[in-house]
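6 protein chains.
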Amino acid sequence: MSKEFDRRIGRHAIMYAFAEEEEEISLTNDLKRMNWLYGKGKVGSMELQKIVAAIETSAKRLGLVNPDIYREMHALYHAIIEALHGVTRGQVELGGLLRTAGLRFAIVRGRPFKNSDEGEWIAVAVYGTIGAPVRGFEHEAVGLGINHI
Amino acid sequence: MSKEFDRRIGRHAIMYAFAEEEEEISLTNDLKRMNWLYGKGKVGSMELQKIVAAIETSAKRLGLVNPDIYREMHALYHAIIEALHGVTRGQVELGGLLRTAGLRFAIVRGRPFKNSDEGEWIAVAVYGTIGAPVRGFEHEAVGLGINHI
Amino acid sequence: MSKEFDRRIGRHAIMYAFAEEEEEISLTNDLKRMNWLYGKGKVGSMELQKIVAAIETSAKRLGLVNPDIYREMHALYHAIIEALHGVTRGQVELGGLLRTAGLRFAIVRGRPFKNSDEGEWIAVAVYGTIGAPVRGFEHEAVGLGINHI
Amino acid sequence: MSKEFDRRIGRHAIMYAFAEEEEEISLTNDLKRMNWLYGKGKVGSMELQKIVAAIETSAKRLGLVNPDIYREMHALYHAIIEALHGVTRGQVELGGLLRTAGLRFAIVRGRPFKNSDEGEWIAVAVYGTIGAPVRGFEHEAVGLGINHI
Amino acid sequence: MSKEFDRRIGRHAIMYAFAEEEEEISLTNDLKRMNWLYGKGKVGSMELQKIVAAIETSAKRLGLVNPDIYREMHALYHAIIEALHGVTRGQVELGGLLRTAGLRFAIVRGRPFKNSDEGEWIAVAVYGTIGAPVRGFEHEAVGLGINHI
Amino acid sequence: MSKEFDRRIGRHAIMYAFAEEEEEISLTNDLKRMNWLYGKGKVGSMELQKIVAAIETSAKRLGLVNPDIYREMHALYHAIIEALHGVTRGQVELGGLLRTAGLRFAIVRGRPFKNSDEGEWIAVAVYGTIGAPVRGFEHEAVGLGINHI
Ligand SMILES: [Mg+2]
Ligand SMILES: [Mg+2]
Ligand SMILES: [Mg+2]
Ligand SMILES: [Mg+2]
Ligand SMILES: [Mg+2]
Ligand SMILES: [Mg+2]
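Protein chains in written order, with my numbering: chain A, 28 to 176; chain B, 28 to 176; chain C, 28 to 176; chain D, 28 to 176; chain E, 28 to 176; chain F, 28 to 176.
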């Protein structure tokens with residue numbers, strides 16, 4: 028008898044963002060079993076728009092969103108911005124506040140609710156470091172944005 | 028030859044917040060080996076101040092901070108508020124925006140930097156759901172705040 | 028030969044929020060022709076959550092959203108909060124900043140994009156006055172929130 | 028017997044920002060009758076400061092404010108920034124969040140209160156689209172700022 | 028030959044807020060010489076609206092603003108809220124973030140610009156402590172808001 | 028019998044930021060008596076990061092913080108950003124909102140609490156003008172940030 032799916036899309040996204048290569052396999056097996064879409068990437072910048080762009084580009088290239096449908100890009104965009112609130116904790120800004128971030132991000136698209144009418148949702152998780160533009164003068168930061176898509 | 032400590036205090040805090048009872052043992056073994064302090068708790072409320080209070084109270088009761096030293100409470104307070112930015116993603120407010128949150132939190136106090144001059148830091152991780160005051164009408168949220176203590 | 032539909036859902040919502048009873052007929056005729064859903068209401072309060080609740084309740088009662096589907100309520104909620112940013116212009120708060128608001132709101136649900144894949148969107152428009160809790164010591168405010176639904 | 032003036036300066040500003048050329052005549056006739064000053068313009072940019080500058084420049088060139096009096100420019104500036112809160116709905120930022128806006132703006136200067144001691148006020152209305160730097164991947168946005176001048 | 032007036036209204040307001048009774052005389056002599064209006068008060072609360080109300084009430088009672096003219100109350104209100112940003116440094120909120128403030132405030136109304144066309148301006152200075160609702164667990168905070176009136 | 032030390036570190040920092048050269052001597056004598064560290068500087072920019080950098084650089088050069096210890100730079104950084112909230116009063120941004128600032132800043136490091144366990148704290152005070160990039164079209168602004176270090 029199969030264990031029930033763990034539908035916590037945000038937790039999946041965070042765990043996947045945390046995962047080193049070796050750990051990814053078991054995590055993604057679960058997501059595959061559920062037929063959920065997922066992908067990840069890395070980006071470091073003092074310019075927040077480059078971080079937004081990197082996540083959007085990954086999501087498009089990995090087929091997690093349909094780049095021709097604004098509706099999907101709108102859902103993704105707001106999830107990204109919500110995730111970045113957790114990273115920036117106040118002003119959603121990096122270079123203008125003289126700080127930089129080095130981040131891994133994971134995107135998961137799936138059905139976190141049992142009721143099929145709830146449809147698909149997207150989770151964007153971001154994990155990494157934020158701090159001064161000086162090596163090692165940084166601490167960790169995490170963000171999660173979730174939206175219906 | 029012993030594996031090197033994983034000093035990522037924020038990641039530890041998030042994993043510990045995520046952990047169900049059975050998973051906690053291996054997580055906390057790592058923290059114990061490093062002589063780091065840790066604790067966790069749960070709180071649900073539409074009033075953000077109750078969430079702040081619950082985390083502060085836990086930290087005091089579990090001996091993670093010295094409740095008689097403002098310096099320590101100040102470090103903790105700012106870490107909590109930073110973590111709540113990730114949960115609220117905009118206005119740091121719950122009931123006033125007609126939303127409620129059910130959260131687990133984990134607090135870890137340790138030395139995330141090899142250089143002993145960097146001293147102790149505190150990480151507050153928060154994970155749970157946020158949404159309308161209607162059962163099931165909620166999605167996940169995560170926050171992490173880190174401060175020197 | 029029929030005039031093309033005006034698909035500017037936000038403009039429709041604002042105009043409908045502005046409209047006095049006599050003007051509503053021509054506005055809503057356009058919306059009916061497009062098979063778009065619409066509704067309006069009034070609310071005055073120093074408590075922002077009462078304004079959010081009034082808009083949500085109207086949307087449910089008027090059949091503009093399906094109250095049993097979180098996905099729909101989530102779309103509506105974020106549209107409301109976005110609209111309230113225009114009203115509050117800074118901190119999304121009323122009574123805590125010793126101010127009160129008297130607002131009309133209009134909700135329009137339709138298809139603002141020609142491409143049918145873009146699906147349905149929802150617009151929440153809010154118009155009224157904001158100011159001190161003293162009669163006449165207030166000025167106008169407007170907000171608009173738009174989301175895919 | 029003449030109809031009473033409609034002193035709702037914010038509504039006038041929004042309607043004037045919405046108006047296409049043909050509709051402007053009747054709107055501005057009302058404003059002229061009241062001896063109110065008004066003007067409008069268009070601006071599109073990913074840089075918020077260009078939008079602020081465009082509105083300030085228009086207001087000066089159209090004689091709506093005295094460019095040699097800081098008091099007037101201060102009143103206008105704060106009205107503009109308040110209006111932009113409605114457009115940006117959170118962080119008052121465009122390019123740094125990888126988004127762009129194409130806006131019409133209208134400025135109205137008049138006496139919204141019957142009591143002549145209340146003096147002149149200024150309303151800045153902004154209407155247009157905001158979204159990704161991709162044609163059509165944008166939705167409407169509105170903002171209104173009102174200040175005593 | 029008389030020394031020129033020091034027109035720095037904000038600095039005057041801060042100094043006056045700082046001043047103990049004995050120091051007030053020389054400060055207010057300067058303000059009197061310039062025919063500027065001034066007043067001060069104290070307020071402590073976890074509810075921000077009580078702080079706003081206390082400053083407004085003082086300003087009215089001390090004759091610094093005309094309580095029957097919204098224009099004046101509007102100018103004062105925005106100056107107060109701007110000052111409170113300096114005190115709260117992020118979310119403009121006290122009790123909801125489980126913190127309290129004990130503040131002195133000073134209000135100065137005068138002509139900070141030599142050009143008489145610049146008219147009157149108002150400065151609201153706030154100085155005190157903010158922190159946990161525990162005696163001594165607090166640090167200083169300062170805010171200044173300036174507006175044309 | 029010696030007068031007791033005035034431990035109000037924030038007030039000291041603001042007074043020192045205000046002080047002209049002649050007034051500085053008595054102010055700094057008090058700070059010297061307490062063995063507190065202090066320093067000051069000036070910076071003007073439309074770019075907020077330049078202001079942050081100028082304060083950080085001053086603090087390092089004047090020996091107020093140890094530039095090799097992230098813990099100290101982290102404490103300073105957050106104190107700076109908190110101080111800038113008082114200057115910007117809303118969005119923590121200058122050029123992007125088409126405004127510029129000319130500021131003096133003072134940094135004081137000392138022991139504001141009698142209890143020696145409370146250790147060292149740092150205060151960053153900022154005072155100057157903010158406004159349009161037009162000479163004289165600006166008003167005063169103040170900010171204060173305090174952190175344990
Ligand atoms: Mg949501
Ligand atoms: Mg930090
Ligand atoms: Mg949007
Ligand atoms: Mg106002
Ligand atoms: Mg100003
Ligand atoms: Mg603090």
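Check each hint, because a few of them may be wrong.
Chain copies aren't distinguished; within one or between two, either way the pair holds.
[As the list claims (entries may be wrong)] Derived EDC-like pairs (lysine to aspartate or glutamate); straight-line CA-CA distance at most 16 Å:
| hint | residue 1 | residue 2 |
| --- | --- | --- |
| 1 | K77 | E48 |
| 2 | K59 | D144 |
| 3 | K87 | D57 |
| 4 | K77 | D95 |
| 5 | K141 | E165 |
| 6 | K87 | E74 |
| 7 | K69 | E83 |
| 8 | K87 | E47 |
| 9 | K59 | E31 |
| 10 | K141 | D95 |
| 11 | K77 | E165 |
Bear in mind the hints are in silico, worked out from the structure with no lab data behind them.
None of these values were measured; they are calculated from a predicted model.
query: Quick check: which numbered hints come out false for this structure?
result: 1, 2, 3, 4, 6, 8, 11
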